[in-house]
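Q: For the protein sequence lines, the chains are Z and W, in the order given. Numbered per our numbering, the first sequence spans residues 1 to 285. Numbered per our numbering, the second sequence spans residues 1 to 266.
Misleading hints may appear alongside valid ones.
Claimed, not checked - Chain Z is faced by these chain W residues, among others (derived, beta-carbon under 8 Å):
no., residue
1, 53
2, 108
3, 112
What the hints assert, rightly or not - Each pair of labels, with its calculated beta carbon distance range:
no., chain 1, residue 1, chain 2, residue 2, range
4, Z, 273, W, 122, 33 to 41 Å
5, Z, 234, W, 252, 41 to 49 Å
6, Z, 139, W, 2, 29 to 37 Å
7, W, 43, Z, 145, 23 to 31 Å
8, W, 172, Z, 199, 58 to 66 Å
9, W, 4, Z, 193, 40 to 48 Å
10, W, 129, Z, 43, 33 to 41 Å
11, W, 53, Z, 145, 21 to 29 Å
12, Z, 273, W, 31, 52 to 60 Å
13, Z, 79, W, 62, 35 to 43 Å
Just so you know, the hints here were simulated from the structure itself, not pulled from any lab data. Virtual Cβ for every residue (Gly too), placed ideally from N, Cα, C.
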Amino acid sequence: MKKKDSLTPFTLLMLLPGVGFIIFFIGSSIVLTILQSFGLFSIMGNSTLTLGYWKAILNSREALDSLLFSLKMGVLSSLGTVMVAFPLALFFRKSGQGKGMLGSLIKIPLFIPALVAAFLILNLISYHGLINTILMRLSIIKEPLRMLNDKFGWGVVMIQVWKNLPFVLLILMSAISSIRDDTIDAAKNLGAGYFSILFRIYIPLAMPGILVAMILMFIKAFGDFPITSVAGPVYPSSVAGRMQIMANLYQEWNQAAVLGVIIILTTFFVIWAYSRFAELVQGDN
Amino acid sequence: MLTAFFVLIQLLWVGIPILMAIMWSLVNPKDAWSYPNIFPPSFSLEQWRYVFNYTNIARALRTSYSVAPLAVLLSFLLSLPTSYVLGRKNIPGKKVFMLVVLLPMIMPGMVVALFLSRVFSMLGLSQTFFGLVIAHTLMSMPYMIRVMTTSFASIPQDVIDAAENLGASTFVKIKDIFLPMIRPGLIAGMIFAFTTSIEEFNLTFIIGTPTFETIPTILYSFMGYNFIRTNASVVSLLMMTPNIIMLFIVERFLKSDYLSASLGKM
């Protein structure tokens, strides 16, 4: 058991530049968000403590539509990436020839910035883009598919999956690598078929990793701004987009703050729900 | 063989989008490329010339590449003492500090961007170069701290004890033990910090525009109302290339521990 060092003034001083810097700037912006949502520290007009802005947002059709849309994007993006990444992660379980290069190729989108990824995929899925052109040439469809700026948001989901696949894959790979071979062999010995092994061993044992990946993806996709504003539908915008419009266009900073608090609360709620669920699962072990 | 199949799929999955961007950036303005052509009818460097001559790309490049090194330097200086404590001392509340360090990564980007810009306005940092550097430093620090903490933690205690036995002063310890031994982690951290700064959009968009343009914000402007596909292609390629080069450097020379640590593996 390593001896515990105490928090001397010296250690605190050493922690100050890094941790202090982060706490100061992130802390002040979060505190300001919360205060402004309740009407304090207003930039224009009076600063009074009021729930009026909260009422305004909760009654606003546009805000609720944006919230639902972002939730939808979060869920679909996290499900989509995990469903594509999981089989790949299973494939990578055993090392083999050529898998190194495959690994590097797969990791490329990780190093491509979100906006660039949005543009690259947007190019392909746009109304006169490559995918539609090929599908029409092959006579698979009569009319181009609207995959970009569509009402549902498929364009956004596709970009999120493409861009975040490596990220999720890395997480899932480490989760799956911890599953011992003897477990799999024992199951095969007892006559388990492929699907049985998949659903009864791989998925449950990799569940912590799957959950982490889904949580992180959800948070990313829920709070996204640039990808949705470029590839998403004209209406509704993402919650972050709506917040930005409220602030910069309408100068309604207090209402924007309410949306900001909603985004923060959702993020924290999801993280909290995950850690409670993880505790529950660990408890069973 | 299954691997070969996946490699092919992956080449298409990653290669086609990039190839399309390359082709769009090389379209000859005299020979428009549209349906039903699969490839542009002819190539030319005209688009590149246009972007460099008629848009603010040069200014954006200058801003991006001058903010990034400063942000890396500042985040290194600020992270160094913190990583030392978090890596080598077993202080109470360490877990809490490690979580706080991750805040810039977890907190929703646009929320922080909007309201940090208000804080900056109050501090007089809005629309300033220094404000941009601070914002970029803030976003880079989680990576820096996490990677350097891992490096510090992996220095064997016996080496330090041996040096102390031989009478090494603190200055010598720092110079000859700590700094050299954290160097791989440091390089990884600097690469991630640099890349984060180059790609940073949300904060730069709110705090810097319109006074300052960086590559991401100028790309965004080419994708909004002003959707000019060819301009966007050129800027995208400009943005991607240093990143992909860094990817190969990271893959070849550094251990994958750093990659995982910086991605915030929980």
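Q: All hints, please: hold or fail.
A: Hints, verified against the model:
1. 53: violated (21 Å)
2. 108: This hint holds: residue 108(W) lies near chain Z, its Cβ roughly 3 Å from the closest one there, short of 8 Å.
3. 112: holds (5 Å)
4. 273(Z) x 122(W): 33 to 41 Å: holds (35 Å)
5. 234(Z) x 252(W): 41 to 49 Å: At 44 Å between Cβs, range holds.
6. 139(Z) x 2(W): 29 to 37 Å: holds (31 Å)
7. 43(W) x 145(Z): 23 to 31 Å: The hint (23 to 31 Å, Cβ to Cβ) holds, given that residue 43(W) and residue 145(Z) are roughly 29 Å apart.
8. 172(W) x 199(Z): 58 to 66 Å: holds (59 Å)
9. 4(W) x 193(Z): 40 to 48 Å: This hint is violated: roughly 27 Å between Cβ atoms.
10. 129(W) x 43(Z): 33 to 41 Å: About 24 Å separates the Cβ atoms of residue 129(W) and residue 43(Z), which means 33 to 41 Å is violated.
11. 53(W) x 145(Z): 21 to 29 Å: violated (37 Å)
12. 273(Z) x 31(W): 52 to 60 Å: Holds, at about 56 Å.
13. 79(Z) x 62(W): 35 to 43 Å: holds (42 Å)
Figure legend: structure checked against the earlier numbered hints; hints not met, in rising order: 1, 9, 10 and 11.
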